[in-house]
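2 protein chains.
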Amino acid sequence: MEIFERSLEESIETFKKLLNENRMTRFRTEYLALHNYEQSKIFANLEKEDREKIYQYLSPSELADVFDLLESQDETIDVYFDEMSHPYAATVLGEMYADNAVDVLNNLKDRDRVNIYMNLMPAENAREISSLINYLDETAGAIMTTEFISVQEESTLGAAYHRLREQAIKAETIYYVYVVDENNRLVGVISLRDLIINDEDKLIHDVMNTRVISVQVNDNQEEVAKMVQDYDLLALPVVGFDRELLGVITVDDVLDVMQDEADSDYSGLAAVDVRETHDTPLSAARSRLPWLVTLLFLGMGTATLISRYDALIAEASVLSAFVTLITGTAGNAGTQSLAVAVRKLTNKYDDDNFFSSIMFELITGAITGLIVGITVMLIVLVWKQNLVLGAVIGIAMMAAIIVANLAGSFIPKIMDRLGFDPAVASGPFISTLSDLTSVFIYFSIAQLFLSAII
Amino acid sequence: MEIFERSLEESIETFKKLLNENRMTRFRTEYLALHNYEQSKIFANLEKEDREKIYQYLSPSELADVFDLLESQDETIDVYFDEMSHPYAATVLGEMYADNAVDVLNNLKDRDRVNIYMNLMPAENAREISSLINYLDETAGAIMTTEFISVQEESTLGAAYHRLREQAIKAETIYYVYVVDENNRLVGVISLRDLIINDEDKLIHDVMNTRVISVQVNDNQEEVAKMVQDYDLLALPVVGFDRELLGVITVDDVLDVMQDEADSDYSGLAAVDVRETHDTPLSAARSRLPWLVTLLFLGMGTATLISRYDALIAEASVLSAFVTLITGTAGNAGTQSLAVAVRKLTNKYDDDNFFSSIMFELITGAITGLIVGITVMLIVLVWKQNLVLGAVIGIAMMAAIIVANLAGSFIPKIMDRLGFDPAVASGPFISTLSDLTSVFIYFSIAQLFLSAII
Numbered sequence: 001m002e003i004f005e006r007s008l009e010e011s012i013e014t015f016k017k018l019l020n021e022n023r024m025t026r027f028r029t030e031y032l033a034l035h036n037y038e039q040s041k042i043f044a045n046l047e048k049e050d051r052e053k054i055y056q057y058l059s060p061s062e063l064a065d066v067f068d069l070l071e072s073q074d075e076t077i078d079v080y081f082d083e084m085s086h087p088y089a090a091t092v093l094g095e096m097y098a099d100n101a102v103d104v105l106n107n108l109k110d111r112d113r114v115n116i117y118m119n120l121m122p123a124e125n126a127r128e129i130s131s132l133i134n135y136l137d138e139t140a141g142a143i144m145t146t147e148f149i150s151v152q153e154e155s156t157l158g159a160a161y162h163r164l165r166e167q168a169i170k171a172e173t174i175y176y177v178y179v180v181d182e183n184n185r186l187v188g189v190i191s192l193r194d195l196i197i198n199d200e201d202k203l204i205h206d207v208m209n210t211r212v213i214s215v216q217v218n219d220n221q222e223e224v225a226k227m228v229q230d231y232d233l234l235a236l237p238v239v240g241f242d243r244e245l246l247g248v249i250t251v252d253d254v255l256d257v258m259q260d261e262a263d264s265d266y267s268g269l270a271a272v273d274v275r276e277t278h279d280t281p282l283s284a285a286r287s288r289l290p291w292l293v294t295l296l297f298l299g300m301g302t303a304t305l306i307s308r309y310d311a312l313i314a315e316a317s318v319l320s321a322f323v324t325l326i327t328g329t330a331g332n333a334g335t336q337s338l339a340v341a342v343r344k345l346t347n348k349y350d351d352d353n354f355f356s357s358i359m360f361e362l363i364t365g366a367i368t369g370l371i372v373g374i375t376v377m378l379i380v381l382v383w384k385q386n387l388v389l390g391a392v393i394g395i396a397m398m399a400a401i402i403v404a405n406l407a408g409s410f411i412p413k414i415m416d417r418l419g420f421d422p423a424v425a426s427g428p429f430i431s432t433l434s435d436l437t438s439v440f441i442y443f444s445i446a447q448l449f450l451s452a453i454i
Numbered sequence: 001m002e003i004f005e006r007s008l009e010e011s012i013e014t015f016k017k018l019l020n021e022n023r024m025t026r027f028r029t030e031y032l033a034l035h036n037y038e039q040s041k042i043f044a045n046l047e048k049e050d051r052e053k054i055y056q057y058l059s060p061s062e063l064a065d066v067f068d069l070l071e072s073q074d075e076t077i078d079v080y081f082d083e084m085s086h087p088y089a090a091t092v093l094g095e096m097y098a099d100n101a102v103d104v105l106n107n108l109k110d111r112d113r114v115n116i117y118m119n120l121m122p123a124e125n126a127r128e129i130s131s132l133i134n135y136l137d138e139t140a141g142a143i144m145t146t147e148f149i150s151v152q153e154e155s156t157l158g159a160a161y162h163r164l165r166e167q168a169i170k171a172e173t174i175y176y177v178y179v180v181d182e183n184n185r186l187v188g189v190i191s192l193r194d195l196i197i198n199d200e201d202k203l204i205h206d207v208m209n210t211r212v213i214s215v216q217v218n219d220n221q222e223e224v225a226k227m228v229q230d231y232d233l234l235a236l237p238v239v240g241f242d243r244e245l246l247g248v249i250t251v252d253d254v255l256d257v258m259q260d261e262a263d264s265d266y267s268g269l270a271a272v273d274v275r276e277t278h279d280t281p282l283s284a285a286r287s288r289l290p291w292l293v294t295l296l297f298l299g300m301g302t303a304t305l306i307s308r309y310d311a312l313i314a315e316a317s318v319l320s321a322f323v324t325l326i327t328g329t330a331g332n333a334g335t336q337s338l339a340v341a342v343r344k345l346t347n348k349y350d351d352d353n354f355f356s357s358i359m360f361e362l363i364t365g366a367i368t369g370l371i372v373g374i375t376v377m378l379i380v381l382v383w384k385q386n387l388v389l390g391a392v393i394g395i396a397m398m399a400a401i402i403v404a405n406l407a408g409s410f411i412p413k414i415m416d417r418l419g420f421d422p423a424v425a426s427g428p429f430i431s432t433l434s435d436l437t438s439v440f441i442y443f444s445i446a447q448l449f450l451s452a453i454i
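If you read the sequences in order, they're chains A and B.
Counting from 1, position 31 in the first sequence corresponds to residue 31 in full-length UniProt numbering; the numbering is continuous, with no gaps.
Counting from 1, position 148 in the second sequence corresponds to residue 148 in full-length UniProt numbering; the numbering is continuous, with no gaps.
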């Protein structure tokens with residue numbers, strides 16, 4: 001895979017040298033020959049003094065292309081804009097794709113600068129940006145762009161093609177032309193492919209596809225990504241409540257959404273935000289501690305419960321050897337059941353029949369519990385030569401697994417019903433919760449058979 | 001979000017009725033008006049007798065469009081092809097996009113049918129398919145298509161545009177035209193956008209971008225997806241060892257790869273394959289049991305270790321109340337550290353400095369361990385009025401967390417170094433492993449202070 005002809009490190013050194021020696025022409029030739037993504041990678045690895053040279057050497061429009069490929073959620077983007085003069089920064093923002101510019105503006109810490117930039121940029125760009133800036137995070141509106149191509153249904157294909165040629169440089173996507181009526185309501189779509197294949201004298205109205213796949217402006221970004229994926233689309237139009245065409249979501253933004261959602265689900269399962277990057281162990285520790293301490297208090301419940309069985313343990317100390325085995329195994333089973341349930345819910349292929357899917361998990365838990373229970377019973381029997389102890393541990397194991405399996409599928413489903421993201425229910429949470437029930441089950445059963453164990 | 005004008009259930013009923021009443025024309029009109037994705041959703045929900053009617057009502061080419069949108073990994077696709085006559089099935093496969101047809105053929109259980117279909121389909125399609133079928137799973141070769149548009153560098157833009165118009169119906173992607181030399185080596189690329197904007201008398205050679213982003217045919221699909229995402233591409237050319245152009249990967253396939261990789265990482269963390277769909281609890285249990293039983297045997301190690309401290313527990317039964325608290329909390333910390341490490345590795349933004357990142361995790365573990373340790377010490381002090389017991393538990397907790405954090409980051413890194421997928425290291429595995437070390441640490445420390453505890 002050849003991304004860079006030289007390695008990134010070498011490229012950075014070369015460009016630093018050119019900037020240091022004030023060789024503007026050579027810098028421009030070499031830097032502008034790179035792909036925008038490579039430019040952005042290099043830019044992000046320069047020092048402040050290098051970047052300040054770049055603001056002199058590149059036009060706002062050239063830098064805007066670089067910034068379109070920078071991670072716009074990156075906190076350092078705030079720093080970059082602060083290093084530029086206000087008019088230069090405003091022009092860069094105006095030249096960026098509107099959806100990306102909005103991302104940047106929404107992440108500026110100093111909110112006064114939003115107004116400064118908006119006032120300094122060309123009116124048309126400011127209008128586009130302000131039409132996007134108020135949509136809720138993670139909705140279709142927040143990830144759409146307003147730079148798309150639309151035509152009226154009475155035009156000819158030739159006229160549409162002409163319009164597309166005119167707008168091709170600025171529009172973020174040119175592969176679909178959207179057809180609107182006199183009230184700007186979305187009525188059809190023509191792919192560039194259809195435009196190319198068909199005779200240019202034909203009317204849009206006769207060629208367009210009237211069954212346009214579209215999303216509402218406040219649909220969740222996860223649903224949007226799912227639709228683009230299912231329908232194999234390159235872009236998806238976004239409409240308002242009256243079907244008026246408001247914007248377009250392009251597939252590159254959908255790729256970012258999918259990455260974000262995958263990271264978010266992964267984070268949920270592990271009870272840690274893997275998307276956060278931490279410069280110091282202290283900030284990493286700070287982000288992990290809230291979950292750990294919360295779970296510690298939940299775990300104290302289990303400790304309190306065990307200490308209530310002090311007398312039992314004193315009489316049959318052999319019991320204590322198997323506490324972690326039972327809690328650990330039930331926790332593992334609960335984590336499995338949780339992951340399956342969350343994935344079904346977030347991928348929306350849950351059959352939505354609450355009770356039948358809980359019943360499915362109950363039977364799965366009974367089967368796995370039975371097999372694991374018998375296995376552990378046989379091991380204990382051979383090891384401790386005590387059939388009753390083996391049976392107590394085997395039965396407790398089975399019951400604990402069934403309960404953990406149920407909790408693993410039930411809790412995310414309930415969260416989903418209540419309108420919370422089911423992916424927030426984490427493996428550690430389910431394990432810690434199932435520790436409590438497992439201990440209770442184990443010692444209750446053991447108590448019954450105490451006389452036979454010791 | 002209006003996907004179906006009627007709900008899916010109603011649509012299925014309507015189409016079933018039309019098929020039942022043999023109303024072929026009406027069926028064709030209504031069914032073919034739907035998007036291919038919707039057609040595929042409906043098809044997948046019909047009974048065998050309905051599908052057999054469809055094989056009569058639709059041409060192989062019409063059905064191929066439906067099948068291009070079916071999940072090709074779906075096991076039932078095997079069943080569908082088995083229901084068709086061999087020549088019909090072969091023609092459907094030939095009309096599908098070559099990469100999708102290969103997916104289907106690779107998933108047929110009856111390997112004889114692969115040859116039967118290949119012999120019955122048009123020679124050109126068979127050639128395309130056989131050029132793809134031998135690439136390793138999860139490589140660029142396995143997800144690329146051979147239906148792309150390429151031109152020689154001496155042609156004019158007009159000639160290229162003409163060629164694109166001719167091939168636009170068949171090619172899977174028309175948004176990039178690839179430029180090759182006389183030996184079919186990839187030398188440049190022109191986007192359809194450039195083709196449209198520029199004068200048609202210009203030579204390809206003068207307009208093309210010579211810095212083509214490409215991948216090698218046996219690059220891993222995960223790297224391919226990362227490149228498409230980073231560079232915001234709609235398609236990515238695949239080259240062989242001599243830079244000869246072999247195929248193209250389109251963004252819709254990248255979306256599927258991302259989904260697959262996200263599901264796979266998620267599965268790894270939970271020690272269960274969330275991608276498998278199970279019809280019965282028995283098959284679900286069968287897929288979960290191997291991990292559970294393996295971890296059970298690992299857990300037996302912990303049980304054995306605890307039973308070696310039988311005498312200690314008999315003397316100070318208060319100790320047993322805190323075993324699950326320490327193992328549980330350390331397991332949670334280990335899972336967090338694991339998730340962070342795996343995500344860094346799979347997203348390739350690991351700084352690759354082995355020791356400094358282990359040191360980072362060590363310090364993070366020390367900080368979280370210290371705070372959790374002090375918290376639990378205070379709780380125990382208040383609850384049990386025993387400073388030494390509190391100190392023993394606090395120190396054991398801190399040490400157990402540090403070890404679990406180290407294991408969580410060390411194990412996936414080692415796996416990655418050895419060439420295994422780090423995402424296979426699961427949360428349950430780390431928890432179970434850390435149970436063992438936590439118990440050892442806890443009882444070793446307790447033993448030292450035994451006289452002060454009781």
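Keep in mind that the hints were calculated from the coordinates and are not lab data.
Computed from a predicted model, the values in this text were never measured in an experiment.
Please note that the accuracy of each hint is not assured.
No copy is singled out in the list; a pair is fine if it fits within one copy or between any two copies.
[Unchecked claim] Computed cross-link-like contacts, DMTMM-like style, restricted to lysine to aspartate or glutamate with a CA-CA straight-line distance of at most 25 Å: (1) K17 / E62; (2) K48 / E244; (3) K384 / D273; (4) K202 / D242; (5) K170 / E13; (6) K16 / D263; (7) K16 / E244; (8) K384 / E315; (9) K53 / E10; (10) K170 / E62; (11) K384 / D242; (12) K384 / D310; (13) K109 / D82.
Hints, verified against the model:
Only within a single protomer do K17 and E62 lie at most 25 Å apart by alpha-carbon distance; the minimum there is 21 Å, versus 59 Å between protomers. Within a single copy, K48 and E244 get their C-alpha atoms no closer than 45 Å, and across copies no closer than 42 Å, so neither meets the 25 Å cut-off. Proximity of K384 to D273 under the C-alpha cut-off of 25 Å is found in neither arrangement, the shortest distances being 44 Å within a copy and 35 Å between copies. Taking the shortest alpha-carbon separations for K202 and D242, neither the intra-copy value of 29 Å nor the inter-copy value of 45 Å comes in at or below 25 Å.
Proximity of K170 to E13 under the C-alpha cut-off of 25 Å is found in neither arrangement, the shortest distances being 33 Å within a copy and 46 Å between copies. Within a single copy, K16 and D263 get their C-alpha atoms no closer than 34 Å, and across copies no closer than 41 Å, so neither meets the 25 Å cut-off. Proximity of K16 and E244 under a CA criterion of 25 Å is satisfied in neither setting, with 49 Å inside one chain copy and 35 Å between copies. Taking the shortest Cα distances, K384 and E315 sit within 25 Å of each other both inside one copy (16 Å) and across copies (21 Å).
Taking the shortest Cα distances, K53 and E10 sit within 25 Å of each other inside one copy (19 Å), while across copies they are farther apart (64 Å). Proximity of K170 to E62 under the C-alpha cut-off of 25 Å is restricted to the intra-copy arrangement: shortest distance 13 Å within a copy versus 36 Å between copies. Proximity of K384 and D242 under a CA criterion of 25 Å is satisfied in neither setting, with 74 Å inside one chain copy and 66 Å between copies. Proximity of K384 and D310 under a CA criterion of 25 Å is satisfied in both settings, with 22 Å inside one chain copy and 13 Å between copies.
Taking the closest pair of Cα atoms, K109 and D82 come within 25 Å of each other only inside a single copy of the chain (10 Å); across copies the shortest separation is 61 Å, beyond that limit.
Checked against the numbered hints given earlier, the structure breaks hints 2, 3, 4, 5, 6, 7, 11 and satisfies all the rest.
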